[in-house]
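Two chains, two frames, a set of hints: combine them into the complex.
The residues making up each chain are set out below.
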Amino acid sequence: MSIIRYQPPQTLAFSGFDRLSNLRDELDTLFEMPFWSNFGRQSQLFSGWSPALDLYQNNDNVIARVELPGMRKEDIEISLHDGMLTINGERKSETPEGDKAERTERYVGKFRRSISLPTQVDANKVAANYRDGILTVTLPKAEEAKPKQIKVDVA
Amino acid sequence: METLVRENRNAVQRRAEQFVTPVASVVEDGDAYLLKVEMPGVNKEGLEISVENNELTITGRRDLAQIEGTLIHRESRTEDFRRVFELDPSIDTSKISARIDQGFLTLTLPKAEQVKPRKIAVS
Chain G
0 MSIIRYQPPQ TLAFSGFDRL SNLRDELDTL FEMPFWSNFG RQSQLFSGWS
50 PALDLYQNND NVIARVELPG MRKEDIEISL HDGMLTINGE RKSETPEGDK
100 AERTERYVGK FRRSISLPTQ VDANKVAANY RDGILTVTLP KAEEAKPKQI
150 KVDVA
Chain A
0 METLVRENRN AVQRRAEQFV TPVASVVEDG DAYLLKVEMP GVNKEGLEIS
50 VENNELTITG RRDLAQIEGT LIHRESRTED FRRVFELDPS IDTSKISARI
100 DQGFLTLTLP KAEQVKPRKI AVS
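Top line first, the protein sequences correspond to chains G and A.
0 is the number of the first residue of the first sequence in numbering that gives the first Met the number 0; add one for each residue after it.
0 is the number of the first residue of the second sequence in numbering that gives the first Met the number 0; add one for each residue after it.
Hints were generated in silico from the structure; no laboratory data involved.
Incorrect hints may appear among the rest.
Below are the EDC-like pairs computed for lysine to aspartate or glutamate, each with C-alpha atoms no more than 20 Å apart in a straight line [as the list claims (entries may be wrong)]:
(1) G:K99 / A:E27
(2) G:K124 / A:D28
(3) G:K99 / A:D30
(4) A:K110 / A:D30
(5) G:K91 / A:E27
(6) A:K110 / G:E101
(7) G:K99 / A:D28
(8) G:K91 / A:D100
(9) A:K115 / A:D30
Computed Cβ-Cβ distance ranges for the label pairs, DEER-style [to be verified]:
(10) A:I71 / G:K147: 18 to 28 Å
(11) A:E16 / G:K145: 20 to 30 Å
(12) A:S89 / G:S92: 17 to 27 Å
(13) G:S115 / A:D30: 45 to 55 Å
(14) A:I48 / G:G82: 41 to 51 Å
(15) G:E143 / A:E54: 51 to 61 Å
(16) A:K115 / G:G82: 52 to 62 Å
(17) G:L79 / A:E51: 22 to 32 Å
(18) G:S92 / A:A97: 17 to 27 Å
(19) G:E143 / A:E78: 38 to 48 Å
(20) A:Q113 / G:E89: 40 to 50 Å
(21) G:S113 / A:T77: 38 to 48 Å
(22) G:K147 / A:T77: 41 to 51 Å
(23) G:K124 / A:A97: 36 to 46 Å
Predicted, not measured: the structure shown is a model, and the values here were computed from it.
Yeah, the Cβ is synthetic: ideal placement off N, Cα and C, and Gly gets one too.
Chain A extracted, bound-state conformation (with noise of 0.2 Å):
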């Protein structure tokens, strides 16, 4: 068992600003891992996505246009987003992108070349 992700809790907890835990899926995709995060109301501007000392930490700000009227029915959360992984040392963080699309987002961390499988050629 490899662990690659792991959340940090305690750095989440350390601030006083209340943010959601965004929900986040890991698939393996050859040489990389894709991490999907919905963050609802969140486009390109209010995205913020650091990486220190191995630590990733997203954090989206919701950009809802206000609705004139009177709120009769409430269901969603107002909060940002924020999310703190931790990342194994298997990832290349210089070479991670990140796309949104209709609020969900994709982070793409590569695999660091020593981890790749590689074919040793016999002569």
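Just chain G, same shape as in the assembly (with noise of 0.2 Å):
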């Protein structure tokens, strides 16, 4: 890529060619991953932002897990709604008034992001962290939930 002078608005029409290190990521992404877990996350090429988003369980909690490089921690927002979970907040331009951006891959603005979870979870006990950039979003399982071993006697 080269970066180059910013001369509005010819340059604009040619940003596509810009975003072409994303394609070859996202063709990559595309191929090694199973075909449903797609579903769910819209390109970022087109819908602009969309953060990544990775989901575990174990016995006691499901874990989300959220790419969200460059925040500040009162911008992001968990909620948790009829099963389903959902990250949403703004990044502000960090670009002061008076800077010209040269070349910029990278997006601001508002992002939502939702995901149905696989159990019941309980809410009240909810905990997330932030941390370099990735959020981790700890669910417990609801007991109801949980994997239970039940013990049978025989006589």
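Set out below in structure tokens:
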């Protein structure tokens, strides 16, 4: 890629070429991941900002991990509704007035990312942590959703 | 049109290790260019920045805590980040500084003295 002086509006018409490196990554991702895994996440190429989300579960918790580089903790909002976890927020443009963006691939503005949870969770005990630009949300499973071992006495 | 920072893709492909290209932006800020790179999961310890023959290489190694349990949905990439830029000679490579905060790297690339606008007093 080459960074060129800002030349509106001719350069804007070619901004599609600048995204080629992203396109390559998107295609790699497409081939490496199972078909279903891209549902719910629209491609960043066409729709703006949609942070990558991973979901894990173990016996006690459902854990969501979201890539949100360069945010402020205060600008991230987490909500739970009808078994659906929603993370939304806003990334403000960090370019001060008077600065010229030579080239930008970064998305600023609002985002909203939802995912339905595989089991019931205890909404009162949800904990979140934001470190190194990664948001980790730990959602403890509701008692009734935890796997239980039932002992059967044989008479 | 003046080329300031050019990505050197061949340099990336030569290496066998797999990397992801991080999202980057360049902003002109007075006497310097700011190169901003998104590397979620990377902190100061995992960051390697080198300049060799006007080639700037940024490598970010993710420091992700292992999550116990089964992965049921994945969108993130696991590979580390790398991106190589070719710097214009007008950038003073000896004065490059870097800062990383919440997986967001900001590199300050100061312009060399000779390219800064200068007023010449006429006696």
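Verification of the hints:
no., hint, in the structure
1, G:K99 / A:E27, "holds (5 Å)"
2, G:K124 / A:D28, "violated (45 Å)"
3, G:K99 / A:D30, "holds (12 Å)"
4, A:K110 / A:D30, "holds (6 Å)"
5, G:K91 / A:E27, "holds (18 Å)"
6, A:K110 / G:E101, "holds (15 Å)"
7, G:K99 / A:D28, "holds (7 Å)"
8, G:K91 / A:D100, "holds (15 Å)"
9, A:K115 / A:D30, "holds (7 Å)"
10, A:I71 / G:K147: 18 to 28 Å, "holds (20 Å)"
11, A:E16 / G:K145: 20 to 30 Å, "violated (41 Å)"
12, A:S89 / G:S92: 17 to 27 Å, "holds (26 Å)"
13, G:S115 / A:D30: 45 to 55 Å, "holds (50 Å)"
14, A:I48 / G:G82: 41 to 51 Å, "holds (44 Å)"
15, G:E143 / A:E54: 51 to 61 Å, "holds (58 Å)"
16, A:K115 / G:G82: 52 to 62 Å, "holds (58 Å)"
17, G:L79 / A:E51: 22 to 32 Å, "violated (49 Å)"
18, G:S92 / A:A97: 17 to 27 Å, "holds (21 Å)"
19, G:E143 / A:E78: 38 to 48 Å, "holds (39 Å)"
20, A:Q113 / G:E89: 40 to 50 Å, "holds (41 Å)"
21, G:S113 / A:T77: 38 to 48 Å, "violated (23 Å)"
22, G:K147 / A:T77: 41 to 51 Å, "violated (34 Å)"
23, G:K124 / A:A97: 36 to 46 Å, "holds (39 Å)"
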